[in-house]
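The task is to assemble the complex, starting from two chains supplied on their own in separate frames and drawing on the hints.
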Amino acid sequence: MSEDFHARLSTWVDASKAEDGTALAREFDMAGTAGPPDPGPVVVAIGASAGGVEALQTFFSAIPGDTGAAFVVVLHLDPTMPSELPSLLGARTTMPVIQVEGDEKLEPNRVYVIPPNRRLTAVDHTLSAQPFDEPRGQRAPIDLLFRSLAERLGDGFAVILTGAGSDGAIGVRAAKEAGGIVLVQDPRESQFASMPRSAIATNVADFVLPLKALAAQLVELIGEKRSKAASVAELADDELFRRILMHVRTRTGRDFSHYKRPTVVRRIARRMHVTRLNSLTAYLDYLRETPAEANALLDDLLISVTTFFRDPHVFEVLAADVLPAIFHAKDADQPLRVWVPGCATGEEAYTLAILLLEEAARRDVRPVMQIFASDLDERALARAREGRFPAAIEADVSEERIARYFTRDSDGFRVRDELRDIVLFAAHDLVKDPPFSRLDLISCRNLLIYLDRELQEQVTATFHYALNPGGFLLVGSSEACENPPNLFRAFNRNARIYQSAAPLGGKPRLLPRLLMEVGQQPREAGAPVRHSYPSAALTDAAMHRQTLEKLAPPSILVDEFHRVVHLSESAGRYFQPSGGPLSGDVVDLVRPELRFELRSALHRAFENGSATVSLPIPVKFNGAPHRVHLHVKRIAAGAAAAGQVPHAIVMFIEGEAMDAAAVPSELQASNEAVHHLTQELELTQARLRTMREESEGANEELRAANEELQSINEEYRSTAEELETSKEELQSINEELHTVNSELKVKLETISRAHSDLQNLMAATDYGTLFLDTSLRIKRFTERVTEVFSLTPADEGRPITDFSHRLEYDDLLRDVRLVLSELDPIRREVRARHDRWYDVRMRPYRTVDDRIDGVVITLVDITDRRQAEEALRKSESRLAQQRQLVHLSHDPIFVWDFDGGMLEWNRGCEVLYGYTEKEALGQPKQRLLSTAVPGSSFEDLKAKLLQDHAWSGELHQKTKDGRALTVESRLHLQEFEGRRLVLESTHDITDRKDWDRRQQLLLSELTHRVKNTLAVVQAIAHQTVRTSHSIDDFVSRFNGRLAALAGAHNLLFQSNWEGADLAELAQIQLDPYIAGHTGRISVEGNPVRLPADIATPFGLVLHELATNAAKHGSLSKPQGTVSVGWTQEIRNKERWLKFQWSEQGGTVPAQSKKGFGTTLIDGGIPGAVVHREFQPTGFVCVIEVPLRELPTHVTPQ
Amino acid sequence: MSRRNDRERALEGKRVLIAEDDFLIALELQTVLEDAGAEVIGPCGSVAAAMRLIDSDDDIAAAILDVRLGNDTAGALATRLDDEAIPFLFYTGQGRGEPFFAAWPGHRIISKPAPASALIEAVSRLVIH
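Top line first, the protein sequences correspond to chains A and B. Going by the numbering used here, the first residue of the first sequence is number 1, and it counts up by one from there. Going by the numbering used here, the first residue of the second sequence is number 1, and it counts up by one from there.
Same shape as in the complex, but just chain B (with noise of 0.2 Å):
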């Protein structure tokens, strides 16, 4: 059962990263934004990988981060985006109420599960901006 969707291709050749720790919902993000003809960098499920990748990739167009990673929190790879210029959203099990946030305002935060259209659509705001 495919659903690919020549319209839906809208982040064909865009690298895009992905911090996720948990296996499936990687494997899930990677499905779908390389449904959308994005190329996916890691995933990764920590923050010290997800830092590496960015110190050997300078072509990262935007990112995708859940908010825990293992035992880290993401606080410390936004901040390194943020500095990299690289936009990001956060795709994240917890509340929007949460104290984390606050640090990273103008940043938006997919909550889970969320359809892919609706990742597609949100990485492709990153992208185009």
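This is chain A alone, in the form it adopts within the complex (with noise of 0.2 Å):
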């Protein structure tokens, strides 16, 4: 506002200070008009909280840096940690941003920022930041600043930007209580919504508008504000001033023209700053071409602040003094009955709800209580109705209160129905309409400050009206109610709290007259109302009046009623008040002579309007009678303001004193006939007065019983509009009941669609499911469960102890009962009589809510799992068998890590090799066993292993003690669980290695002495065949000489090639001469052991021996013999036998040639010396052969 607006505000304002006080003066802080000369800046308090970062961002990019005002912004910081919103803004706007850290001075276009952890509020053009009173999560630090700017520094702008809480809402309120601009951003663009609807909530938000749009108004607003020298000289003038309320009267049916002045033009201003029209003229056009803005200035008009507990110390003293004394007069059936007039959105209402009613707990006694709360504004009473509070409050009311009488709500607070069912809100013109009654107290605070004197003084006779006796009447802190005087009397002057005056069993009190008639509707706007507004400056045209009160006949002001108004100074002596009860007609006051034409002058004044002046009457002022003429005159209805009670003045004027002796003599005569008449006259006046008092009487208590039945209809009619809201709530109810209806409809399908889910997820379960209620009973169940209980569906509903089942599980029901009282599931493996298995579980059946409601027993066919399971025991017992039949097997056999060391190791292993178990896990194989592949390597056979997965083959192995070992091995390679595991069993084939080995030589000498046998034979039959005659003689020899090899032959084999007896040999090769010369051949000798490579040469020479004794010695003759004798002897250090063949009786032979008998005989035996010699007796042959003893050919090389 412009200084120029503000000076000539304060002047009109100043013409009416003095009448109101301290009242004023704060309506005057509030204007922010007076105090320092310098204004400061135009003050922008921005409230943000949940992504106002951002919002502010995009805020003050859009704000430019000259704007001159001052911003002020509020975010919900986390208090731990330091802010970045200084920088953050700073780069958005040319403005230094300061964030306030102690006392602030503010200067136009700057930013001023809340620190994290700190409150900010205002006094005057400071701010400072102080710490929070409140724990963290009940801090409203927006509603905090706008409420301190509201009260310090009057109008500026609120601005509620995106923010999740309903912090703001009461700080907006107050903000434009005091004429501030309201601009919230709009909800659908705030990325939350929930801050810039409660704003809007509210009701007092000038512009609700998109961010950028909405910095668009503000600057436009501000530059507004500033420049505008409005024409707001205007406001001066009263006759516009009044064509806009008589507007708002006609449009709304409300009168604000007892309005005080101040406040209504404050307001006024606001809305032409909001509709951004220069003049009161333009105003007027606009509020007459656009219909909303009545309401628009009405809402303006009636906005009010109001908290919960608004200064405490009242409320205590309320609570310590005043209720209980209202408590202690009440009998228990006496209703209690507290009236709040200008209740606005109830929180003075509640808070005395909550008031009465730990006063009743503390009794405990439940009076029926009811507090009337009354208000113009409906759209606030609607607000007060629905009892919603913001979560703000917690910082009026306290914590124990907030639970007790609160519930917490989605943002906030709502009264619990215990003290919404105290509460009857009614939309209540305290000016207009009749009083509620009887009540005991009344609470209207910072109503009275509003209204000019004329009405207060209306209100508070009102009030005592209203009052019982004795009863409370509580004011805002610069309000009293001193006048009328002697109405009420302070009973706490601090507190503002009065007590009705009145005494207790007066006769009826009546109603005071109401400016306006009961229900009148408002006039049409062509018909003003005019008051008379009392004023001191007319001292020059008092002064007038008191002269000429002085000089002017005694006189009476007398209204209508005939009461008196008022005195003139001298009237005292006309009064002469007649016994009984006082009371204030003029008639019954005056002296007894003036009274008759004192009545009927006054009738013909009120009835006809026409004045009276009587003839003299005769009055005796100290016994002298003078003649007095009464002068009645009705006072033009010009003078006072419509709708007064008219009056009338009478006039007293006093003639000369009459002389009793001069009345005429000619009248004596008739004084006996006028006495007579006189007399009769008088008992008829008097008879006439008498039943006039009567009537008179009676048609007062006719009035106060009409005043008393206007009351109670008003209660009734705050009850049908109760009643009406009730509807109204109904309504809503019942949409709200259409909406559940319609959700519940959405609900149910769903539920068919989770019913049909849940049947086929039965149906597909392979489960049985069988669900029991907490009594047992069937409530559903799955077809698999008729294998174990047979069930058909018609069964459900019927307790499941009915049916048998095939389980061999006698506790199923003792189990089932435990479930439902422990809680506790519980799980079986059962078997069933069909050998089935299944397993078993039962768990509480827990609806949604968490009750419990029953049993839910699941049955699972486990019967493969538990042949699997039997399968899998038996094949690990049978691994285990296997693994220590391998273990204790003496075949060695054992695992190795292709990568690592041994694994396995078994009691063969520790048999064959030496190491224990112990010894030999994790060591590497190959060094363990010093493994060698023979005509390979180790490498490669591991190569081929990792190849082929398995190897076989022989193996050089050594034992622990170095013992070396030729294995057979069978490698296998098995991968298992990313390892490559070796599984080798061995078997020891040294013994047989070494048993083939002496086979193969075995086998390698059998086939040489096969072949040297063969080539011996071979030699012999050359031999044979070059020294034969024929083919028969060869036969004969030949078969002769092999038959000798032979048996040589044989005899060595019996001794297995070591040797043989020379008398066996002799024996053999002769033994076929022998049996044909009996007694020819001797043999004698002693027991001779021939080795091997001379037992067969010598055999064969025997058998050439005997041969050619038989063709041609002595066994050809028939008496010859042959005699065969040995002897062994020692010739250096060698034994030797010496054999010698002598043939006795034979014949010489002519033998030219050497034959091959003779040559065999010479050379055949190794080593061997023989003579041959034909002595006359017969042939004789000596052979000397060296016996060593040697061994056999036979031993491995």
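Keep in mind the hints are simulated off the structure, nothing from the lab. If you're wondering where the values come from, they're calculated on a predicted model, not measured in any experiment. Every residue gets a Cβ at the ideal spot worked out from N, C-alpha and C, and that includes glycine. Only true hints are included.
Interface residues of chain A toward chain B, partial, derived using beta-carbon atoms under 8 Å:
id, residue
1, THR1007
2, ALA1015
3, VAL1016
4, GLN1018
5, ALA1019
6, THR1159
What follows is the structure, given as structure tokens:
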């Protein structure tokens, strides 16, 4: 607002300042018009929360740096973290951004930012940051700032941006009440819409715009605010002002003409600002053209701020002194009635309700309690009825009371029904409508200050009427109710609590005349209502009037009920009240002589409006009769405002004193008749007076009854209104029910879908599922259950105890009951009679709201699993047996890691290799056993193993004590859990290998011998052929020699080729000849064992000797004999055999050529010395041969 | 029954050493070689006897060795013959796989018993060589 405007407004306000005292001073500050000469910059207070940083950045980008306004930003910050906000905003605006630490004086074109964990308050034009009083979570820094700005700085701009919660909702109302303009970000655009919505819900938002438009609007508004040297001079124009109020009255039925002018002017100026109109004339035009503006102005005019427990000390006094007094005075059955006029959004009414309930609880009584809360503002009432308040009320209401009387709502609190039921909200015009009556307490705070003095007195009188005798009145801190006097006495002046001064049991008190008639409808605009505004400025006129009053005849001002309103100074001379109760009726007060004339004159004056000047009436003053003329005149209607009661003035014009003796003598004659007539007249008059008094009494009672009825009617009306509201609520509940119904329909659909899902699920799961209720009745079951219980769908609802089952589970029912009582699930594996196994699980059936409603039993057929488990168990035990077998096996079996050491080592290994299992495990296999692969390498073996996963063959290994082993080994590579394991079983073939080699040697020896023998046979055959004469000769010789060879071999074979006994050899070779020549061959000699290499040729030589003897020698003669004998002797330490073949009686052969036989005899025996000679007695052959004890050839190399 | 044949006298005048301890086989070898015209040195039944013959005779054209000679083998003898550059062959009952033969690769091994013609033919090759 411009200074010019402020100056004008302040003068204008000054005019009524004297009357209003402190109340006005407060108004004054709120308007921000007085105080320091520097009004300071326009203040724009901005509140934001969640999503606020981004919004603020956008916002400040759109605000130029030279608006001249000071911006105060409050954001909900993390109390523990330093704020980055100044730098973030500094990047978007050219204005300096200051984080308030301590105190900062507000300067134009700056941005002030709240610091973390501090609240901002404004005192004059200084911002200060202070610690919070409230715990975290109950803080409402935006409300705090807005409220302090409103209290201290008055108007300005309050901006609410995106945010969660409801912080700022109370603050914007305070700002608006102080004349500020409220701008709110469009919730649809806001990232978090809750805070803007809460602000809009207060009905005080002037602009709801998207962020950019909001910034533009704000800049424009600031500009106007600064530049507008408005033609607000017009505001002083009574006529325009009245026309505006008249229009509001026409449109809305609300009359603000008796409201204090500064308040009204301020609110109109604010609307002008919002509508951007520069003059009252223009605003009036706008008001006429725009029907909605009248309501907007009405809203602004009605705006009032109220909080819970406003001025706490007042309520402390109330609770401590007043309420106990009220309760004390009441009987239990008497209702307790309280009225809160101007209740706005109901905080005050609910506060009182809380106190009443607390007092009642303290006294442990439950009286009928009724709080009437009335206001003009229907919208405020609607909110009051709803009883929903923002979370910020936590600042005003103690925690216990919140917990006791409120329920937490989505973003605030809601009063509990207990509280709500006590309070009756009604639309009621304190000025126009009849009051509530028989009240114990009226709380009317900060309402009187808005009213002018005349209206204040009327309202005070109304309160006096409405209160029971001794009832209490509570007014605002800057209000008083001393006028009219004697109605109230101060009960506690500090707390502004008054008590009705009416005497108990007095006669019925009358309702003070209302300024307007009951239920009067607003008059048409053409008939302006005029009020007289008492003014102290008309001093000259007063002096004139006083002078006149002194000089003029004594007079009385009388109202239409003939009551004395005002007396002139000297009028008392004409009064002589009659006995009995003192009446205000002038006729009863004046001297008896004047009464008759006065009554009729007044009657004429009020009935016809005609003035009366009476004939002289003799009046006795101190015994001397004087002539007195009565002049009664109705005061012209134009002199008083319409609707005011008509008045009349009664003047006493006193003539000269009458001489009693001067009574004309001619009249003496008729004295008797006159006296008689006078007596008669006086009698009649007395009778008339009595009747009139009776009539007046009756009339008054009727009026009192009427008033009473009006009050009752008012209550009914309020009740009806409340009912209307209830109906509306019912309507809305009905609508809600509709919504709920459709929601239920949707839910039902969902449920039926869920149901069919469930059915499909139950069908799809191959489990038996059985639902039982708490009394074990079957609720539902699946097909598979019938395998165990013989159920049919018709059995649902029957108790499960009626059915037998095939489970070998006698404790089934006991377990079900246990689950129901303990709520612990039970699970068992149970055999069924048809040799199936079931996994039976029982768990409590929990409804979605976590109630136990029975038991769910699931039966899972686990026969296959059981069988598999059984098989597994068997195979495991088999495996264990096999492992044991392997371990105990004498065959060495071991397992080694292809990439590591030994893993398994059985008993056979321990025995073969000498290492214990402990020593072997973990050792590298090759090193442990010094494994070598014949003809290859261990590396090749491993490569082969990798390729084929198997290998078998001979290995050379060494035992712990270094013994070399040959083993036959089978290796098998198997990958197992990422490791390559080698299973190796070996078989010790060292002995077999030895045996094999020996056999091999034997075989080769045998081959050698056979070949040698064959070569010998070949030689015999060849040599025999060379010396044979014929085939027969050859055959016979060859056979003989072969037989000799075979015989020698035979002997050697019997001795395992170690040697042959000479006697046996001779026996064999000579047998064929002994048989034919019995007694002719003698063999004699000690036993001699011939070595193998000698025995064979010796045998052949014996054969040749015998053959020669048989063919040519002694055996060819009939008496010839042969003696065979041998001896042994030692020569040169060698044992020699001396063998002698002697024939007797043979002939000397004529041999020319040495035959094969002879050659054989001479050289056949290795190392032998042979002597042959033909003695006269016969042929003699001596063979001497050394007998070396030689091992046979059969020795391994 | 004589099997003399002029065509077989391929060893005429060649002096061939026979080391064979079995009398009958040595006799047979001698017979066969002499039938082929060779002059047989020995046969000797031991290594020592054979060594002595080699010592005293520097006109040996070839030799036939039995591997086993008494309790010795013909190893030392074979080495000596190699040193003297006298060609020889083994006439033995041992299998060809005997480790013994590995020491004298390239020397003919004739397995007992062998026909006379095969022997003559083998010895002839030694001599011509």
